[in-house]
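Work out the full structure: start from the sequences and follow the hints.
Taken in order, these protein sequences are the chains called A and B. Take the first sequence: its letter number 22 is residue 22 in the working numbering, and every next letter is one higher. Take the second sequence: its letter number 573 is residue 573 in the working numbering, and every next letter is one higher.
Bear in mind the hints are in silico, worked out from the structure with no lab data behind them. Accuracy of the hints is not assured; some may be wrong.
[What the hints assert, rightly or not] Simulated coverage check for chain B against chain A, where a stretch passes if three residues somewhere in it have a Cβ under 8 Å from a Cβ of chain A: (1) 232 to 238; (2) 243 to 254; (3) 518 to 526; (4) 537 to 543; (5) 556 to 567; (6) 610 to 622.
Built from N, CA and C at the ideal position, the CB exists for glycine as well.
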Amino acid sequence: MTGPRDFEIVGSLANLPASANGPRHLVWWGNIGFMVIEGAGFALAAAVYLYLMTQAPAWPPAGDSLPGLLWSGVFTAGLLLSQIPNLWVLRCARAKNLAGVRWGTLAMAVIALLLLVPRCFEFAHLGVPWYHDAYGSVIWMLLVLHTVHVVTDWGDTVVLAAWLFTHEVGDDQFADVEDNSNYWTFVVLCWLPVYVLIYWAPRSL
Amino acid sequence: MTPDRAHLERLDRIWRDPPGLWGFLTTVDHKRIAARYIVTALLLMFLAGMLALDMRWQLSVPENTRMTPQLFNESFSLHGSTMLFLVSVPIMEAMALWLVPLMLGARNMAFPRLGAFSFWLYFGGVLTLWIAHAIDVTPDLGWFEYPPLSGPAYSPGHRADIWAQMITFTEVAALAASVNVAATILKMRPPGMTLARMPVFLWAMLIASIMTILSMPAIMLVTSMLISDRLVSTQFFSVAAGGDNVLFQHLFWFFGHPEVYIIFVPATGFISSIIETFSRRPLFGHSALVLAILSIGALAFGLWVHHMFAVGLPRLGNDFYTAASMAIAVPAGLQIFCWTASIWAGPTTFPTPMLWVLGFLATFVIGGLSGVMTASAALDLQLTDTYFIVAHLHYVLVGGAMFPLFGAFCYWYPKATGRLMSERWGRLAFALIVGGFNLGFFPMHILGLMGMPRRVYTYPAGMGWETLNQVATAGSVIAVAGGMVFVANALWSYWRGKPSGADPWGGSTLEWASASPPPAWNIAFTPVVESLTPMWNDGRPLKAMDGLENDRREVLITSVTGGGPLYRQKSAAPSIWPLVAALAVSAMFIASIFTPWAIPAGALPIGAALTGWFWPNRPRAKIGPFEAKP
Numbered sequence: 001m002t003g004p005r006d007f008e009i010v011g012s013l014a015n016l017p018a019s020a021n022g023p024r025h026l027v028w029w030g031n032i033g034f035m036v037i038e039g040a041g042f043a044l045a046a047a048v049y050l051y052l053m054t055q056a057p058a059w060p061p062a063g064d065s066l067p068g069l070l071w072s073g074v075f076t077a078g079l080l081l082s083q084i085p086n087l088w089v090l091r092c093a094r095a096k097n098l099a100g101v102r103w104g105t106l107a108m109a110v111i112a113l114l115l116l117v118p119r120c121f122e123f124a125h126l127g128v129p130w131y132h133d134a135y136g137s138v139i140w141m142l143l144v145l146h147t148v149h150v151v152t153d154w155g156d157t158v159v160l161a162a163w164l165f166t167h168e169v170g171d172d173q174f175a176d177v178e179d180n181s182n183y184w185t186f187v188v189l190c191w192l193p194v195y196v197l198i199y200w201a202p203r204s205l
Numbered sequence: 001m002t003p004d005r006a007h008l009e010r011l012d013r014i015w016r017d018p019p020g021l022w023g024f025l026t027t028v029d030h031k032r033i034a035a036r037y038i039v040t041a042l043l044l045m046f047l048a049g050m051l052a053l054d055m056r057w058q059l060s061v062p063e064n065t066r067m068t069p070q071l072f073n074e075s076f077s078l079h080g081s082t083m084l085f086l087v088s089v090p091i092m093e094a095m096a097l098w099l100v101p102l103m104l105g106a107r108n109m110a111f112p113r114l115g116a117f118s119f120w121l122y123f124g125g126v127l128t129l130w131i132a133h134a135i136d137v138t139p140d141l142g143w144f145e146y147p148p149l150s151g152p153a154y155s156p157g158h159r160a161d162i163w164a165q166m167i168t169f170t171e172v173a174a175l176a177a178s179v180n181v182a183a184t185i186l187k188m189r190p191p192g193m194t195l196a197r198m199p200v201f202l203w204a205m206l207i208a209s210i211m212t213i214l215s216m217p218a219i220m221l222v223t224s225m226l227i228s229d230r231l232v233s234t235q236f237f238s239v240a241a242g243g244d245n246v247l248f249q250h251l252f253w254f255f256g257h258p259e260v261y262i263i264f265v266p267a268t269g270f271i272s273s274i275i276e277t278f279s280r281r282p283l284f285g286h287s288a289l290v291l292a293i294l295s296i297g298a299l300a301f302g303l304w305v306h307h308m309f310a311v312g313l314p315r316l317g318n319d320f321y322t323a324a325s326m327a328i329a330v331p332a333g334l335q336i337f338c339w340t341a342s343i344w345a346g347p348t349t350f351p352t353p354m355l356w357v358l359g360f361l362a363t364f365v366i367g368g369l370s371g372v373m374t375a376s377a378a379l380d381l382q383l384t385d386t387y388f389i390v391a392h393l394h395y396v397l398v399g400g401a402m403f404p405l406f407g408a409f410c411y412w413y414p415k416a417t418g419r420l421m422s423e424r425w426g427r428l429a430f431a432l433i434v435g436g437f438n439l440g441f442f443p444m445h446i447l448g449l450m451g452m453p454r455r456v457y458t459y460p461a462g463m464g465w466e467t468l469n470q471v472a473t474a475g476s477v478i479a480v481a482g483g484m485v486f487v488a489n490a491l492w493s494y495w496r497g498k499p500s501g502a503d504p505w506g507g508s509t510l511e512w513a514s515a516s517p518p519p520a521w522n523i524a525f526t527p528v529v530e531s532l533t534p535m536w537n538d539g540r541p542l543k544a545m546d547g548l549e550n551d552r553r554e555v556l557i558t559s560v561t562g563g564g565p566l567y568r569q570k571s572a573a574p575s576i577w578p579l580v581a582a583l584a585v586s587a588m589f590i591a592s593i594f595t596p597w598a599i600p601a602g603a604l605p606i607g608a609a610l611t612g613w614f615w616p617n618r619p620r621a622k623i624g625p626f627e628a629k630p
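Structural data, given as C-alpha cells:
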C-alpha cells in the first residue's frame with residue numbers, strides 16, 4: 001500500500017502577485033465563457049429569424065406594419081454613444097484610477113437606465129403583437145432577449161457601483177470593473193445584428 | 001520531503017467544511033459536490049432501469065396488458081428524458097468536477113460556488129420531473145417532444161411544460177458546470193503543464209465543455225419558444241400563423257446531436273486514462289487522439305440533420321449530412337486504433353476497469369457500424385422509427401459511454417474511498433451487464449429490420465416478433481441483475497474493501513499523488529510537471545512548488561498555453577448563497593409554467609440572492625463619500 005507522494009520543493013510561488021488584469025485574470029475567462037453562451041443564444045435566435053423569414057411568402061406578412069425607426073434609432077445611437085464612457089471606464093480600471101472607476105461605473109448605471117426609456121417605446125412601436133403571427137413572435141423574442149441583457153447588466157452595474165463606493169477597492173475590484181465594461185461592449189455588439197434583423201431585414205425585401 | 005504536520009494542519013483548518021448540516025448545505029468542495037451529482041445520477045439510472053424493465057415486461061409477449069398505451073408513453077418518455085438529461089450529461093460533468101482539480105494538482109475548481117449552484121439547480125430539475133411523475137403529471141411525448149403534438153392545441157395540461165422546464169433547469173446547471181470546467185483546465189494547470197503535456201482526459205473534458213457551451217443554448221432557446229407558444233400564445237410552431245414545426249426539430253437536434261458526443265467525448269477521456277495506466281506506457285498516438293477528439297467535437301455540429309432524414313428535406317441537404325455523418329467514423333476509428341495499439345504494445349494487465357474497456361471497444365464498434373448504416377439517408381428512411389434505431393442508440397450510448405463510466409467508476413473508486421472494489425464480484429457484474437446488454441439489444445437490430453416500430457405499447461401475435469422480444473427481455477433482466485451486483489460490490493467495498501493506499505494501480509496522472517480519499521485541500525504543494533505522465537518518474541519525489549498561502553484559501557493561476565505561474569487567486573469559502581440562489585431560480589422556473597409574470601417577479605429574489613452571493617468581505621472604504629466612520 002502506498003501513501004501520498006513525497007515532494008521535492010524546487011521553487012516558491014510566494015512572490016507572485018495576488019491579482020492580475022485582462023486575460024491573465026481567472027474571472028476574465030469566466031466572463032468570456034458566459035458571453036460565448038449568450039452569444040450562441042443570440043446567433044441561434046438570429047437563425048430562427050432568418051429561417052422563418054425564408055419560409056414566409058412575404059416579410060413582414062401581409063397586413064403587418066413595419067417596426068418604427070424613431071425610437072429604435074434613438075436607442076441604437078444612445079447605445080453606440082455609451083461606448084465612449086464605457087471605454088473610458090475600462091481605461092480607468094486598467095490604470096487603477098479609483099475615482100474614475102467609482103464615478104464612471106455609477107455613470108454607466110445611469111446611462112443603462114436611461115437607455116431603457118427608448119427601449120420601452122421600441123416595444124410599443126414594433127407594429128405587431130407577439131401573438132399575432134410567427135413574424136411578431138420572433139421580433140419580440142429578439143427584442144426581449146436583448147432587453148434582458150440590458151436589464152441584467154444594469155442591475156450588475158448598480159451593485160458594483162455601490163460596492164466601489166462603500167468598500168475598499170483592490171486589484172480584484174479593478175478587474176471586476178474591466179469585466180463589467182467588457183460585458184457592456186458585448187451587449188452593444190450583440191445589438192447591431194439584432195437591430196439590422198428587426199428593423200432593416202423587413203425593409204430590404 | 002514529506003510535508004510537515006503544521007503545514008497540513010493549517011491547510012486542513014482553512015479548507016475543511018463546517019461540521020454537520022450547515023457544512024452539507026454550504027460546501028464548495030468540488031469532491032463533495034461531484035459525489036452528490038454522481039450518487040443522484042446513479043439513483044436515477046436505477047429508476048430509469050426499472051422503467052426499462054417494466055417496458056420489456058410489457059413487450060415480452062404480444063397483446064400484453066401489463067401497461068396501458070398511456071403508461072407506456074409515460075414510461076419511455078420518463079426513461080429517455082431521465083437518462084439523457086438527468087443521468088448521462090450530468091454524470092460526465094460530475095466526473096470532471098471530481099477529477100479535474102485533482103488531475104491538475106489544484107485545490108478546487110475555478111469557481112467553487114458556481115459548482116455548488118450547478119448541483120442545486122440540477123437537483124431542482126430532478127425534483128421537477130420526478131415529483132411531477134409522483135403526482136401524475138408525467139411527460140408523455142418522448143424525450144424530444146416535437147410540436148405540434150407538444151403545442152397548446154394537442155397537449156393541454158402541464159405534462160409538456162414539466163418536460164420543457166426540467167430542461168431549462170438541467171441546461172443552466174450544465175452550462176454553469178461547463179464554464180467552470182473549461183476555466184479550470186485553461187487557467188489552473190500546474191506549472192509546466194503546457195497544452196502539449198495535458199492528459200487526454202483533460203482534453204476530453206475541455207472539448208466536451210466547449211461543445212456544451214456552444215450547443216446547449218439551442219435547446220434552451222427552443223424549449224423556451226415551446227413554453228411561450230403554450231403560455232403566451234406566440235406562434236413559433238403554429239403553421240397557420242407562419243410558424244414552422246421543422247424549426248423545432250432543427251434547433252432540437254442542433255443541440256441533440258452534439259449532446260451524444262458531449263456524453264461520448266468524456267468517455268474517451270476515461271478510456272484513455274485507464275488504458276494508459278494498465279498498459280504501463282504513454283498512450284500510443286497521444287496527439288492523434290487529441291486531434292481526433294477535436295475533430296469529433298467540430299464534426300458533431302454538422303450532423304444534426306441525419307436525425308431528420310424522414311422529414312422530407314431537399315436531396316442535396318440529405319446527401320451532405322450523409323457524408324458528414326460517415327466522416328465522423330474516421331476520427332472515431334482513429335481513436336479505436338490508438339487505444340488498441342496501446343493495449344497491444346504495453347505489458348497490459350486486465351483488472352476490472354480494463355474489462356470495461358474491452359466491453360466498450362466491442363460494443364461501441366458495433367454501435368458505430370450501425371451508425372454508418374443509418375447515416376445513409378436512403379437506408380435510414382427504412383430504419384427510422386424502428387427497433388433498429390433503439391438498438392443503435394443503446395449500443396452507442398450504453399456501450400460508448402456507460403461502459404467506460406462503469407470502468408471509470410471501478411478505476412477511481414479507490415481514490416474516492418480509499419478502498420478497493422472486489423475484483424471477483426466486479427468480473428461477475430461485468431459479465432452479467434455486458435452479456436445481458438448484448439442479449440437484450442442485439443435482437444432489436446433484427447426486430448427493426450423485420451419492421452417492428454419503436455414506441456408501440458404492444459404488437460399482435462403472428463408477426464414473428466415474439467421470440468426475439470422474449471430474448472431481449474431476458475437480456476435486460478440479466479443486465480439489471482448485473483447492475484445490482486455492481487452496486488452491491490460498491491456498497492460492500494465502501495465499508496469492507498481492502499485499503500487501497502494512494503496509488504493502487506500505479507497511475508500516470510497527478511490525481512494519484514494525493515491521499516485516498518483526498519483531503520479537503522487535495523494536495524500539499526503545487527506539483528511541477530515535466531512530462532505527459534508525471535507520476536511515472538521511477539518513484540522519485542514529485543517536483544513541486546510551495547508558497548501558496550495556508551492561512552486563506554488560495555489557488556494558483558497559470559497561463560493558458562504554457563502553464564506558467566501568473567498569480568495567486570483567492571478561492572471562495574463555503575457559502576449558503578448558491579443554495580439560496582438556486583432556490584430563487586427554481587421558484588421562478590416552476591412558477592413560469594403557470595404565469596409569465598413569474599419572470600419579472602422572480603427576478604427580484606434572484607437579484608437579491610446573487611447580491612448576497614457576491615457580498616464583499618473586504619474592509620469598508622477608507623476614502624470617498626462613503627468612507628467608514630471610525
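ask   = According to a criterion of three or more residues whose C-beta lies within less than 8 Å of a C-beta of chain A, is the stretch 518 to 526 of chain B covered?
value = With 4 residues close enough to chain A, the hint holds.
key: Residues of the stretch 243 to 254 of chain B with Cβ under 8 Å from chain A, three needed, outcome   = holds (count 6)
query = Residue count check for the stretch 556 to 567 of chain B against chain A: does it reach three with CB-CB under 8 Å?
reply = It holds, with 7 qualifying residues against the three required.
key: Within 8 Å of chain A (C-beta), three or more residues of the stretch 232 to 238 of chain B   = Result for this restraint: holds, n = 6.
message = Can you confirm whether chain A covers the stretch 537 to 543 of chain B, using C-beta to C-beta distances below 8 Å and requiring at least three such residues?
response = Answer holds; 4 residues pass the 8 Å Cβ test.
task = Report holds or violated for chain A covering the stretch 610 to 622 of chain B, Cβ cut-off 8 Å, minimum 3 residues.
result = It holds: at least three residues are needed, and the stretch 610 to 622 of chain B offers 8 whose Cβ sits within less than 8 Å of chain A.
Going through the hint list in order, the structure satisfies each hint without exception.
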